[in-house]
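Chains as they are written, first to last, in the numbering used here: chain D, 1 to 119; chain V, 1 to 184.
The list that follows gives simulated cross-link-like pairs (lysine to aspartate or glutamate, EDC-like), each with its CA atoms no further than 16 Å apart: (1) Lys50/V / Glu47/D; (2) Lys50/V / Asp43/D; (3) Lys51/V / Glu47/D; (4) Lys55/V / Asp46/D; (5) Lys124/V / Asp21/D; (6) Lys124/V / Glu23/D; (7) Lys21/V / Glu32/D; (8) Lys151/V / Glu59/V; (9) Lys151/V / Glu161/V; (10) Lys21/V / Asp35/V; (11) Lys55/V / Glu47/D; (12) Lys165/V / Asp8/D.
Keep in mind that the hints were calculated from the coordinates and are not lab data.
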Amino acid sequence: MTEQNETDDAYAERLARTLRDGEQDLPPDVIERLTAARRAAVDAADEPVKLVWPRYAGAGALATAAVVVVLMTQPEVTPLPPLDAVELAAAQDAELLEDLEFAAWMIAMEEADEPSNSG
Amino acid sequence: MGFLKMGTQAELNEFLTSVEKRAYSMAMMAVKNQDDALDIVQDVMMILAKKYAGKPAGEWRPLFYRILRNRITDFHRGTSVRRRLFGWLSPNSEQPDENPLEQVPGLEHLNPDRQVEMDGARDKIANAVSQLPERQQQAFMLRAWEGFDVKATARAMGCGEGSVKTHYSRAVHALRSALEDYHD
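For reference, chain D alone in the conformation it holds in the complex:
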């Protein structure tokens, strides 16, 4: 098969196969550090997750109550028309964006946790 008529997927797979083979050639010090990192992670997984929510439970309950009151006092609104395809796609993107924001938040939390965990 020549490079010209080889499909993108087949070509990419050929490159990827070569890269996968290379994973076995990592130097010993890198393998050692990866092993240590893995063990530390597995040990960390065994620690119970600290619950921080009780600190904010009171404020959360108040905020929820306020929202409920506001919603109950709002005049009845007419139902929205069904979403068309474009709006649905936008909603899916928004969901993805939300996921991303959550992931970013989670990482920020993780980094913020580091000093307190080490202390």
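Given chain D, put chain V in place with the hints provided.
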């Protein structure tokens, strides 16, 4: 008494063993520095273990690569901010004469015998992949290297499936151009 079941710990250990070398290689290509790449992989393992170890094991792989992508992006943002903040202090620090190909991962990983044996093919590919724009690099790594389908790649990259197809296609075409002399 541990928090996780012993079985889960063993599964997590097995899972991390299965991804650690690839994750390091990917991080290395993205950040071009061994210590930074190791730090990133260590962070990703720790975050997965602490936040998601309780999730079904089948969900770990896409989550792992998603966290990896975020950490690499954070790294690039941090580097970019540092460069903007401190770059003006030392205008010659960019070292424009430096050959970026010399910093690309791969070369320092291989012992001399193995390097000769592989005839540099792997290094050429690694160099070419590391030169791709970040999103194309991610699409290629996840689709081709890790073997994710379009949907899983989209989840890991935090974008739509159409974007994945575009980035992947551009990546493969860029690699074809960069690796013109790479034949079987």
